[in-house]
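Participant: Start from chain G and add chain S according to the hints.
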Amino acid sequence: MKTVKLTIDQKPVEVAAGTTILKAAHSVGIDIPTLCYMNLGDLKIEHKPGGCRICVVEVQGRRNLAPSCATEVSDGMVINTHSIRVLNARKTVLELILSDHPKDCLTCAKSGNCDLQSMAIKLGIREIPNQDIAEMSTYRTDFSPAIIREMNKCIMCRRCETMCNEFQTVGALSAINRGFMSVVAPAFEMDLEDSVCTYCGQCVAVCPTGALTEVDHTNRLIRDLSNPNKTVIVQTAPAVRAALGEMFDLEPGTLVTGKMVAALRRLGFKYVFDTDFAADLTILEEGTELLDRLTRHLKGDKTVKLPILTSCCPGWVNFFESQFSDMLDIPSTARSPQQMFGSVAKTYFADKIKVKREDLIVVSIMPCLAKKYECTRDEFKVNGNPDVDYSISTRELANLIKQANIDFHSLPDEEFDLPLGESTGAGVIFGTTGGVIEAAVRTAYELYTKKKIDSVDFKALRGIDGIREATIDFEGLPVKIGIAHGLGNARKLLEDIRSGKSQYHAIEIMACPGGCIGGGGQPLHHGNFEILKKRMEAIYREDKNKPIRKSHENPYIIKLYEEFLGKPMSEKAHKLLHTHYVDRRKKIIYI
Amino acid sequence: MSRIKVELKKKDVETIRDICKSFENKPGELINVLHKVQHTFGYLPAEVQEVVAAELNVPLAKVYGVVTFYSFFSMVPKGKHPISICTGTACYVRGAENVLNEFKKELKIEVGETTADGKFSISCLRCVGACGLAPVVMVGDKTYGRVSPEMVKDIIKEYEDQ
Chain G
1438 MKTVKLTIDQ KPVEVAAGTT ILKAAHSVGI DIPTLCYMNL GDLKIEHKPG
1488 GCRICVVEVQ GRRNLAPSCA TEVSDGMVIN THSIRVLNAR KTVLELILSD
1538 HPKDCLTCAK SGNCDLQSMA IKLGIREIPN QDIAEMSTYR TDFSPAIIRE
1588 MNKCIMCRRC ETMCNEFQTV GALSAINRGF MSVVAPAFEM DLEDSVCTYC
1638 GQCVAVCPTG ALTEVDHTNR LIRDLSNPNK TVIVQTAPAV RAALGEMFDL
1688 EPGTLVTGKM VAALRRLGFK YVFDTDFAAD LTILEEGTEL LDRLTRHLKG
1738 DKTVKLPILT SCCPGWVNFF ESQFSDMLDI PSTARSPQQM FGSVAKTYFA
1788 DKIKVKREDL IVVSIMPCLA KKYECTRDEF KVNGNPDVDY SISTRELANL
1838 IKQANIDFHS LPDEEFDLPL GESTGAGVIF GTTGGVIEAA VRTAYELYTK
1888 KKIDSVDFKA LRGIDGIREA TIDFEGLPVK IGIAHGLGNA RKLLEDIRSG
1938 KSQYHAIEIM ACPGGCIGGG GQPLHHGNFE ILKKRMEAIY REDKNKPIRK
1988 SHENPYIIKL YEEFLGKPMS EKAHKLLHTH YVDRRKKIIY I
Chain S
51 MSRIKVELKK KDVETIRDIC KSFENKPGEL INVLHKVQHT FGYLPAEVQE
101 VVAAELNVPL AKVYGVVTFY SFFSMVPKGK HPISICTGTA CYVRGAENVL
151 NEFKKELKIE VGETTADGKF SISCLRCVGA CGLAPVVMVG DKTYGRVSPE
201 MVKDIIKEYE DQ
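Residue numbers (our numbering), protein chains in the order written: chain G, 1438 to 2028; chain S, 51 to 212.
With the rest of the complex left out, here is chain G (with noise of 0.2 Å):
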């Protein structure tokens, strides 16, 4: 490998050649502030449009600053990264970014966790100069059911546009018109909610500023606990108590599971109940349909369609409702476990504590914003009333408990309230990539063998590979399965099985980085996938700690099917538990 020699800050370096300034700097300890910049490391996204020159540094010999992060080291370059003249372009850069951004951040919602604002502390910014003569943008706010975007506050970073188009593959936002009249957009700038967005919140979770946020449910919620009227009760997702301590200062990856649970209930949710147990329902529901569907194939049936595909991530089905809608009759029908929460509480449950459904406020807490637009499709309403109410991020809870003045460290330990709060291990690992897919391994091998496993650790479906594959072994029945996170790697996987270069028999698709874990509602990681990694690992330590480890033998499980619905995929199943997909394509096409 090539290598090139350089001075940094006087501090001799040696990188290899096509490294950039930035990096270099990195490699002996120096840092270089960035604005526009992104690393997003193990997700192999490198984000350096070298658009916002906050990273200007002085190269000996060359006429004007170079931005570090998109210029190239070359041999025997000196450079100074915090030369008078550097620091002052740094501060004009940073005021001229300003000088059109509102000031409002005292009640921004971004406001302590603001890329912008950091820097303009780090700067030491007391003033900005030409704010009487600067022109401010008046771009329309863009409200769509889970996110928000107000692109007065965008700086041109073009981080969002990255995630959508390059990870995602979405393509529902590009940079649009030149100079001022510049902005991130749909095509044809049409609302979030006409485009091919699928809500999966990535660009939400980089940008650097307020323009793009999450549709906020706080105040509603607040409102709906004060109301005597209403018995609210509240489901939390996996991956939530896997990263919701970051919010408070804990180490990623430490479980604040029983911590949670204690905070909701101070919070006032009449009953505290845990998605993990419709996780698990969701479980005997599709494991069967895998079961029958790979039973029938085995017979010969040429009716039927191979590989079945996981339906609990609600931007994966968004995605391919308008991306891959030739393909909707492969997806598994199991509606998600949100969604099989909210119709279980609704029926079996209001049934149980003699409440109307109106009366019953059901919230849920999850890592995720495509959930707050799942809980508002009509299929998920019962004469116009939503089996879910409303879905709050795992940030707005941490941001409500705080509200709350509840000090979240010294909470005791509390349990989840029964029966929906009963779940096993299997339900747990719905919150990471391979989690959802090991959880079904684990019920259909038994339900398919009718034996017992010895080991519930199936090691082979885990990881963080972008697309992972392998076989499991059922007692002679070899069964081929996919899995991927992201939604560029899902597009990858699905365009092999239309093309039928790849044979699987069952494949998982969670649309964020490493899963729920990753997800866009999840507290920021900045790129930082060892935060990802260290939240992945306390889900299957979670799971570890559980006495029962698939959903099959849940106690409350087979209670519910023996006092309600019966067997799974019966008739009153389908009615509460599955769902049917639409064809987004039609929506997208501006005619």
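Careful, some of the hints might be misleading.
Think about it this way: if two alpha-carbon atoms lie no more than 27 Å apart in a straight line, the pair counts; the simulated BS3-like pairs of lysine-lysine are [said to hold, decoys possible]:
{"no.": "1", "chain 1": "G", "residue 1": "K1793", "chain 2": "G", "residue 2": "K1742"}
{"no.": "2", "chain 1": "S", "residue 1": "K158", "chain 2": "S", "residue 2": "K169"}
{"no.": "3", "chain 1": "G", "residue 1": "K1896", "chain 2": "G", "residue 2": "K1970"}
{"no.": "4", "chain 1": "S", "residue 1": "K76", "chain 2": "G", "residue 2": "K1929"}
{"no.": "5", "chain 1": "G", "residue 1": "K1736", "chain 2": "G", "residue 2": "K2004"}
{"no.": "6", "chain 1": "G", "residue 1": "K1528", "chain 2": "G", "residue 2": "K1485"}
{"no.": "7", "chain 1": "S", "residue 1": "K71", "chain 2": "G", "residue 2": "K1929"}
{"no.": "8", "chain 1": "G", "residue 1": "K1938", "chain 2": "S", "residue 2": "K158"}
{"no.": "9", "chain 1": "G", "residue 1": "K1938", "chain 2": "S", "residue 2": "K71"}
{"no.": "10", "chain 1": "G", "residue 1": "K1481", "chain 2": "G", "residue 2": "K1970"}
{"no.": "11", "chain 1": "G", "residue 1": "K1970", "chain 2": "G", "residue 2": "K1460"}
{"no.": "12", "chain 1": "G", "residue 1": "K1970", "chain 2": "G", "residue 2": "K1485"}
{"no.": "13", "chain 1": "G", "residue 1": "K1981", "chain 2": "G", "residue 2": "K1888"}
{"no.": "14", "chain 1": "G", "residue 1": "K1996", "chain 2": "G", "residue 2": "K1791"}
{"no.": "15", "chain 1": "G", "residue 1": "K1793", "chain 2": "G", "residue 2": "K1818"}
{"no.": "16", "chain 1": "G", "residue 1": "K1540", "chain 2": "G", "residue 2": "K1448"}
{"no.": "17", "chain 1": "G", "residue 1": "K1485", "chain 2": "S", "residue 2": "K76"}
{"no.": "18", "chain 1": "S", "residue 1": "K76", "chain 2": "G", "residue 2": "K1481"}
Label pairs and their calculated CB-CB ranges [said to hold, decoys possible]:
{"no.": "19", "chain 1": "S", "residue 1": "I81", "chain 2": "G", "residue 2": "G1616", "range": "16 to 22 Å"}
{"no.": "20", "chain 1": "G", "residue 1": "K1896", "chain 2": "S", "residue 2": "N82", "range": "48 to 54 Å"}
{"no.": "21", "chain 1": "S", "residue 1": "E64", "chain 2": "G", "residue 2": "E1906", "range": "39 to 45 Å"}
{"no.": "22", "chain 1": "S", "residue 1": "Y120", "chain 2": "G", "residue 2": "E1932", "range": "29 to 35 Å"}
{"no.": "23", "chain 1": "G", "residue 1": "E1483", "chain 2": "S", "residue 2": "Q212", "range": "30 to 36 Å"}
A few chain S residues facing chain G, derived, Cβ under 7 Å [said to hold, decoys possible]:
{"no.": "24", "residue": "A96"}
{"no.": "25", "residue": "K112"}
{"no.": "26", "residue": "T118"}
Calculated directly from the structure, the hints in this document are not laboratory data. Note that CB positions come from ideal geometry on N, CA and C, so glycine has one too.
Facilitator: Structure of chain S alone, referenced to chain G:
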């Protein structure tokens, strides 16, 4: 923005597909493809962009982004005689704005618009590479150099009966 809805005929779609194919459907050829498609159709309505996006496998948002970035591309049909006034640096300092205003006044349309009879449209472009002739105006393929506001009426007259 106001949009013009267009119903593409099968033949039109085929034409666009052929153009894309002539560039081997390469995403990197997007600008060249748009150039040729606009030359064929006169402008780039949303429906046309959609076909291009699908053929080149480029996000529709990206195609729209390119169309709105380059002032050469237009989403409204241009007049039979499209008038382009260069407002690049050289032309601008030599009075292109006055020339532009004169055209707007004479034709009673704004930049990006087309006269009701479909004859003329006005657009601005940045530098045609003839700075020595600044300010420069193009009508269709014909170039006019050292244009003054007084010349505007005569230029329009040349095309009025065509």
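Participant: Does each hint fit the structure? Answer for all of them.
Facilitator: For each hint, the structure was consulted:
Taking the CA atoms of K1793(G) and K1742(G), the gap is near 40 Å; set against the 27 Å cutoff, the hint is violated. For a cut-off of 27 Å, the pair hint linking K158(S) to K169(S) stands: about 12 Å separates their Cα positions. Distance hint between K1896(G) and K1970(G) is fulfilled; the C-alpha atoms sit about 15 Å from each other, no more than 27 Å. For the hint linking K76(S) to K1929(G), the alpha-carbon distance of about 19 Å falls within 27 Å, and the restraint holds.
A C-alpha spacing of about 23 Å is found between K1736(G) and K2004(G), which places the hinted pair at or below 27 Å, so the restraint holds. A distance of roughly 20 Å separates the Cα atoms of K1528(G) and K1485(G); the hinted pair therefore holds under the 27 Å criterion. At most 27 Å may separate the alpha-carbon atoms for a hinted pair to count; K71(S) and K1929(G) meet this at roughly 23 Å. The hinted pair formed by K1938(G) and K158(S) fails the criterion: a straight-line CA distance of about 60 Å is larger than 27 Å.
A C-alpha spacing of about 25 Å is found between K1938(G) and K71(S), which places the hinted pair at or below 27 Å, so the restraint holds. Of the pairs offered as hints, the one joining K1481(G) and K1970(G) holds, with about 15 Å between alpha carbons and a cut-off of 27 Å not exceeded. At roughly 23 Å between alpha-carbon atoms, K1970(G) and K1460(G) fall within 27 Å of each other, so this suggested pair holds. Between the alpha carbons of K1970(G) and K1485(G) the distance comes to roughly 25 Å, so the proposed pair stays at or under 27 Å and holds.
The straight-line distance between the Cα atoms of K1981(G) and K1888(G) is roughly 21 Å, inside the 27 Å bound, and the hint therefore holds. With a C-alpha separation of about 19 Å, the suggested pair K1996(G) and K1791(G) falls inside the 27 Å cut-off, and the hint holds. Restraint check: the Cα-Cα separation between K1793(G) and K1818(G) comes to about 15 Å, which is no more than 27 Å; the hinted pair holds. Restraint check for K1540(G) and K1448(G): the C-alpha separation of about 40 Å exceeds 27 Å, so the hint is violated.
Taken as a hint, the K1485(G) and K76(S) pair is honoured in the structure, with Cα atoms around 24 Å apart against an allowance of 27 Å. Among the hinted pairs, K76(S) with K1481(G) is consistent with the structure: their alpha-carbon atoms are about 24 Å apart, no more than 27 Å. In this structure, I81(S) and G1616(G) meet the distance hint of 16 to 22 Å, their C-beta atoms being roughly 19 Å apart. For K1896(G) paired with N82(S), a C-beta distance near 50 Å keeps the hint of 48 to 54 Å intact.
Against the hinted window of 39 to 45 Å, the Cβ-Cβ separation of E64(S) and E1906(G) comes to about 40 Å, which satisfies the hint. Our hint of 29 to 35 Å for Y120(S) and E1932(G) holds, since their Cβ atoms are close to 31 Å apart. At about 55 Å, the beta-carbon gap between E1483(G) and Q212(S) misses the expected band of 30 to 36 Å. Interface restraint check: A96(S) against chain G, minimum CB-CB distance 5 Å, threshold 7 Å, status holds.
The beta carbon of K112(S) comes within 4 Å of a beta carbon in chain G, closer than 7 Å, and the hint placing it at the interface holds. The interface hint given for T118(S) holds, since its Cβ lies 5 Å from the closest Cβ of chain G, which is under the 7 Å cut-off.
Checked against the numbered hints above, the structure breaks hints 1, 8, 16 and 23 and satisfies the rest.
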